[in-house]
Amino acid sequence: MDVGPRLKAWKPRSNHQMVVCIHYSTDFEVHRNWLAITHSLPISQWYYEATSEWTLDYPPFFAWFEYILSHVAKYFDQEMLNVHNLNYSSSRTLLFQRFSVIFTDILFVYAVHECCKCIGGKKVGKELTEKPKFILSVLLLWNFGLLIVDHIHFQYNGFLFGLMLLSIARLFQKRHMEGAFLFAVLLHFKHIYLYVAPAYGVYLLRSYCFTANKSDGSIRWNSFSFVRVISLGLVVFLVSALSLGPFLALNQLPQVFSRLFPFKRGLCHAYWAPNFWALYNALDKVLSVIGLKLKFLDPNKIPKASMTSGLVQQFQHTVLPSVTPLATLICTLIAILPSIFCLWFKPQGPRGFLRCLILCALSSFMFGWHVHEKAILLAILPMSLLSVGKAGDASVFLILTTTGHYSLFPLLFTAPELPIKILLMLLFTIYSISSLKTLFRKEKPLFNWMETFYLLGLGPLEVCCEFVFPLTSWKLKYPFIPLLLTSVYCAVGITYAWFKLYVSVLIDPPVVKTKKQ
Amino acid sequence: MEKWYLMTIVVLIGLTVRWTVSLNSYSGAGKPPMFGDYEAQRHWQEITFNLPVKQWYFNSSDNNLQYWGLDYPPLTAYHSLLCAYVAKFINADWIALHTSRGYESQAHKLFMRSTVLIADLLIYIPAVVLYCCCLKEISTKKKIANVLCILLYPGLILIDYGHFQYNSVSLGFALWGVLGVSCDWDLLGSLAFCLAINYKQMELYHSLPFFCFLLGKCFKKGLKGKGFVLLVKLACTVVASFILCWLPFFTEREQTLQVLRRLFPVDRGLFEDKVANIWCSFNVLLKIKDILPRHIQLIMRPVCLVLSDIPFMSTWFLLVSTFSMLPLLLKDELLMPSVVTTMAFFIACVTFFSIFEKTSEEELQLKSFSISVRKYLPCFTFLSRIIQYLFLISVITMVLLTLMTVTLDPPQKLPDLFSVLVCFVSCLNFLFFLVYFNIIIMWDSQNGRNQKKIS
Chain S
1 MDVGPRLKAW KPRSNHQMVV CIHYSTDFEV HRNWLAITHS LPISQWYYEA
51 TSEWTLDYPP FFAWFEYILS HVAKYFDQEM LNVHNLNYSS SRTLLFQRFS
101 VIFTDILFVY AVHECCKCIG GKKVGKELTE KPKFILSVLL LWNFGLLIVD
151 HIHFQYNGFL FGLMLLSIAR LFQKRHMEGA FLFAVLLHFK HIYLYVAPAY
201 GVYLLRSYCF TANKSDGSIR WNSFSFVRVI SLGLVVFLVS ALSLGPFLAL
251 NQLPQVFSRL FPFKRGLCHA YWAPNFWALY NALDKVLSVI GLKLKFLDPN
301 KIPKASMTSG LVQQFQHTVL PSVTPLATLI CTLIAILPSI FCLWFKPQGP
351 RGFLRCLILC ALSSFMFGWH VHEKAILLAI LPMSLLSVGK AGDASVFLIL
401 TTTGHYSLFP LLFTAPELPI KILLMLLFTI YSISSLKTLF RKEKPLFNWM
451 ETFYLLGLGP LEVCCEFVFP LTSWKLKYPF IPLLLTSVYC AVGITYAWFK
501 LYVSVLIDPP VVKTKKQ
Chain W
1001 MEKWYLMTIV VLIGLTVRWT VSLNSYSGAG KPPMFGDYEA QRHWQEITFN
1051 LPVKQWYFNS SDNNLQYWGL DYPPLTAYHS LLCAYVAKFI NADWIALHTS
1101 RGYESQAHKL FMRSTVLIAD LLIYIPAVVL YCCCLKEIST KKKIANVLCI
1151 LLYPGLILID YGHFQYNSVS LGFALWGVLG VSCDWDLLGS LAFCLAINYK
1201 QMELYHSLPF FCFLLGKCFK KGLKGKGFVL LVKLACTVVA SFILCWLPFF
1251 TEREQTLQVL RRLFPVDRGL FEDKVANIWC SFNVLLKIKD ILPRHIQLIM
1301 RPVCLVLSDI PFMSTWFLLV STFSMLPLLL KDELLMPSVV TTMAFFIACV
1351 TFFSIFEKTS EEELQLKSFS ISVRKYLPCF TFLSRIIQYL FLISVITMVL
1401 LTLMTVTLDP PQKLPDLFSV LVCFVSCLNF LFFLVYFNII IMWDSQNGRN
1451 QKKIS
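Protein chains in written order, with this note's numbering: chain S, 1 to 517; chain W, 1001 to 1455.
Hints were generated in silico from the structure; no laboratory data involved. Don't take every hint at face value.
Restraint ranges, calculated between C-beta atoms of paired labels, are given here [unchecked claim]:
id, chain 1, residue 1, chain 2, residue 2, range
1, W, 1090, S, 79, 35 to 43 Å
2, W, 1126, S, 293, 34 to 42 Å
3, W, 1142, S, 320, 41 to 49 Å
4, W, 1204, S, 447, 37 to 45 Å
5, W, 1034, S, 92, 26 to 34 Å
6, W, 1424, S, 84, 45 to 53 Å
7, W, 1404, S, 45, 40 to 48 Å
8, S, 75, W, 1424, 30 to 38 Å
9, W, 1090, S, 474, 20 to 28 Å
10, W, 1142, S, 102, 27 to 35 Å
11, W, 1141, S, 50, 54 to 62 Å
12, W, 1434, S, 68, 50 to 58 Å
Glycine residues also receive a C-beta, built at the ideal position from the N, C-alpha and C atoms.
All chains, full assembly: derive it from the sequences and hints.
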């Protein structure tokens, strides 16, 4: 496992440099604005600045990261660092931004390398391409979602996921303090990772602070180590102090939090993330249409603004009860509780932690408030680590990944990007399915007929939405139908994968042996 | 084949790289009044769609031959006509007579790039896949790796999808021709090759080996029996295909002559075509591999021996061929795709063919040569070392020159300094390859047919 995989690790990145000059999404302007804010203004202004609509809504470490980047940026194009240069997009600016993503991906590559070291997996054949480590490295480095979101749509998820994967790897390697530290740092880079914080918290408490178990696997209360708890707490506290300290001193914490957690946005994003609420909305729509047709509902009482008009505002449901942020929070908590309980009562070491993490991420995706479809990557990337271990996990992974990746298609909607997204999606899907099938060829088939049928249905769906629909007359009357169809179809798949994973976690027998740490 | 999904993945990678390169600039983008090859192709669609066939190659008020007049054989013209019909369906402004000159838009660029991709997908890529599948005595994995490396060859991608041309069509047809004749489908093979010649007259460079090979086959079968029948059939196929392509132009002598004048402009300089010729001939020659039957090696030996599996030299050569086009690529603002595709190609070759482990004398087919030299110079044991050093020097020179061309401005008195240096360095490399291939040919032919078939 020497030169080959490392060289292969390089290959995918080189492709990205060619997509440098194509797409200009709003995220470019967002990050340009943040470069400008952090470079030109003092810290006290960072979370108050509102010249542009894209205000700073990530935690302070990310702001510092943009600050450091801005010092490199000034050698590319000084103009981009002017806060008033709204929508400034010279070619040098774009070049700098794209290269910064590629450069920061180095951390992601390193994290993948560390994760591959931790994965044992079956040894099917002597071929390099059939080793689990190789398959895992390709699945992570060539991940379609990450490629699309980071390098075409433009974000910095590569290095953030690198941090997360690195912290997971450290926990696998039993370097718990480092793992905790990395996760704490990650939280202060992007607070979306709060979704998986319960998994970390419970695992560290249960498996690190309690140093030994009884013979049947249950908790041994007297093995509680105060030293460990306190050191963990100290790490988290220090990191948070470093991050939020300056803003606490300036009495700006409420402002910072209001920026970080804007609850004024609607239940769903403009394009519904394929979660439970997408199905809920669709059901509501169907019922209201039926209700109108059967004259159960009064057309005058229905709110004019529909949830499908594509704007990010708050709307009411017509037939089913409306959903409040509190309701989503409760649903999410209920959804993650069983996995947390499993992690506490039948710990299975790092693997159990990983499953719980994935379930937390998925459950938050399923029931969260104003979830963005990109959040599915939070579940897909860690799931890759499990996929090369067991056939059952591989099957769930493939359904989740294929559906999740397909749901990202609406992010790229221009004509030049159409071949790219289709080609890359095909590449990743064919590779992942064929390599995992080969890896687990001695076990029962990965998919049953229903799942195969569902996955194959994505092809005709894509053809209908992107090729057939624009040529029909419905395009003007109901322009949201492709998005709705995509959202609902993917929601079905993702819900199914979530359910299947949950079942496999709940019915897994606990590991019965004394663990000494 | 058992690894069909790997082959699919490799083809998809090839397509992805192609489309990604096509998102970049094309030749003559935004540069009136002449623009570039992209405008030439668009103009040909305009001409072939709006004017009757008899006027395509003639100078007239509607067809100014000075502005990108048609100078490829009729098949290119028919291809342009086909594209023009599609263009008319989407947006007639793209090919409106006179008014569409210099037409540039995102939608039009998308359309033009798609035509290249579709032509590639239909003609060139299947030929490459089938060709590699027919290679003998190598494992399936090596065949797939072969496809990948051929599909990743930067020169063709950059010229077709960057600069903008349809080389993949003529190369694809030529490759089909090679496949046909080596699988004993001589008629289909010669038909394919005729189509290649009728698409781009450059393919005439490869016609001689083809002709010799087929003639040899006829001789082998005996000129008094089956051989003669084959000869007649081949002649009929060639004549028929030419007549079919040139039919509208055979009605009048003046038509035929005018087309020939456009195809072979003897008053034009040689330099314009120099780069393309070299990479084209060598490139395709290198693709024909050991699938040809042994008994023909007497005639095809020069080609065969040049083309047997010497991954180190082939990779080196293909890198130089891409580098030689640097001035052109820089003019089209294709530096980034050039660098990236070259790196990807190099990494693919290194990974899959382990080229750096195949630099021994035997791997480079220089064993018999060095044995002969050692008769006079017993200490001549460092040939492969020399070659490795030469490779290093060559690569360093190419990288340095690229960096210099990109970052520095040439001195005022010598504005073409860097282009000339690039040409000079490439020429030196090509001369080296010429010597190398000649050495192989001469020394191995002395060895007779006893050398083992190298896979």
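### Task
Report the numbers of all earlier hints that the structure fails to satisfy, in ascending order.
Structure breaks hints 2, 3, 4.
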